[in-house]
Amino acid sequence: MTQKEEAWMGLLLGGPMLVIPSVVAVFIAYDRGLSFAPALMFTVTVLWGGLLWLLPYIQRRFHKDKKEITFDERDQLIHKKVVMAAYVTLWLYFVTACVITWCLVGPNGSISVNVMPLTLVGGLVLFNLVQGVATVILYGRTGKGDQP
Amino acid sequence: MNRYQRIAWFNLIVVTATIVVTSVGIAVEFHIRGYSTVGLFGIGLLALLKLTPWLFKKPESPRGVVCDERDDLIVTRAILHAWTAFWWVLFASCLLLWFLIGPKNSVPTMVLPLMALAGGLVHKVACSVAILVQYGRGAKGQGL
Chain W
1 MTQKEEAWMG
11 LLLGGPMLVI
21 PSVVAVFIAY
31 DRGLSFAPAL
41 MFTVTVLWGG
51 LLWLLPYIQR
61 RFHKDKKEIT
71 FDERDQLIHK
81 KVVMAAYVTL
91 WLYFVTACVI
101 TWCLVGPNGS
111 ISVNVMPLTL
121 VGGLVLFNLV
131 QGVATVILYG
141 RTGKGDQP
Chain U
1 MNRYQRIAWF
11 NLIVVTATIV
21 VTSVGIAVEF
31 HIRGYSTVGL
41 FGIGLLALLK
51 LTPWLFKKPE
61 SPRGVVCDER
71 DDLIVTRAIL
81 HAWTAFWWVL
91 FASCLLLWFL
101 IGPKNSVPTM
111 VLPLMALAGG
121 LVHKVACSVA
131 ILVQYGRGAK
141 GQGL
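Keeping their order, the protein sequence lines are chains W and U. Here the first sequence is numbered in my numbering, starting from 1 and rising by one per residue. Here the second sequence is numbered in my numbering, starting from 1 and rising by one per residue.
None of these hints come from the bench; they were simulated from the model. Mixed in with the good hints, there may be bad ones.
Unchecked claim - Residues of chain U clear of chain W, computed beta-carbon distances all greater than 12 Å:
#1 Ala17
#2 Leu55
#3 Arg70
Claimed, not checked - Dumping the calculated BS3-like pairs for lysine-lysine here, alpha-carbon to alpha-carbon at most 30 Å:
#4 U:Lys58 - W:Lys81
#5 U:Lys50 - U:Lys124
#6 W:Lys80 - U:Lys58
#7 W:Lys80 - U:Lys50
#8 U:Lys57 - U:Lys124
#9 W:Lys81 - U:Lys57
#10 W:Lys81 - U:Lys124
In this text, all values refer to a predicted model and were calculated from it rather than measured experimentally. Each residue gets a CB set at the ideal place from its N, CA and C atoms; glycine is no exception.
Using the sequences and the hints, build the whole thing.
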């Protein structure tokens with residue numbers, strides 16, 4: 001599986017299978033308080049997400065005998081750029097979220113502590129989204145990244 | 001000591017001085033008045049970090065080499081380490097706050113900009129430390 005395919009897989013499967021259940025679980029916890037149902041939903045999503053991240057490694061393990069180079073210098077450079085772009089976006093998101101909440105509520109106000117995990121989930125979603133989109137963009141529309 | 005190392009040391013000194021001055025200011029004011037409002041202005045010392053382009057100018061001579069591939073690699077790796085440290089601090093601070101305070105309680109909004117500021121400081125410190133560690137203690141980086 002090439003980096004581009006992994007990025008597409010993350011974008012297409014990550015949204016419906018990870019982001020939506022985790023956001024729904026956090027919203028239920030925010031709205032009705034922490035109970036068994038949202039906690040179970042969030043835990044199952046995290047476990048499922050962990051298994052999904054293992055998929056490329058399992059695939060590589062089964063195709064070990066093909067003697068293919070799946071990660072060269074170009075991939076490494078693209079990976080570095082992608083991670084950097086995702087981190088910078090995360091930083092901008094975090095600062096914006098903090099300052100906007102502070103401005104909206106006022107310096108003397110207070111917010112529910114449940115906003116913290118919500119901010120974190122938002123950051124995780126954004127980080128993975130930017131990583132996937134940047135990988136797809138940097139590999140381009142041509143088939144350059146399709147053949148390892 | 002090359003330009004990047006000097007900048008890293010300068011950043012570390014400024015961040016440490018800011019933390020010390022602000023903490024002492026808040027502590028003294030809190031001791032005298034019972035609350036603190038002026039102490040936070042010590043954060044203004046961080047503006048010194050913006051002086052690095054003027055304090056540590058690049059060599060102007062056409063033969064002056066500013067940096068080579070090794071320096072670029074070190075700085076890139078340091079920045080990546082710094083972002084990773086920032087990400088972990090964000091992750092830990094959000095979850096720790098939630099676990100320590102409890103899901104039914106609230107936090108003052110002042111905590112949010114302070115968290116952003118702490119994230120920025122952690123990023124700066126981690127980047128500077130990573131640069132210094134990668135160059136090492138030897139004279140390897142003194143040529144530039």
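Checked hints:
1. Ala17: The claim holds: U:Ala17 sits with its nearest Cβ about 23 Å from chain W, beyond 12 Å.
2. Leu55: 25 Å, holds
3. Arg70: 16 Å, holds
4. U:Lys58 - W:Lys81: Status holds; Cα separation ~25 Å.
5. U:Lys50 - U:Lys124: 12 Å, holds
6. W:Lys80 - U:Lys58: 26 Å, holds
7. W:Lys80 - U:Lys50: This hinted pair holds, its Cα atoms lying about 26 Å apart.
8. U:Lys57 - U:Lys124: 19 Å, holds
9. W:Lys81 - U:Lys57: This hinted pair holds, its Cα atoms lying about 27 Å apart.
10. W:Lys81 - U:Lys124: 20 Å, holds
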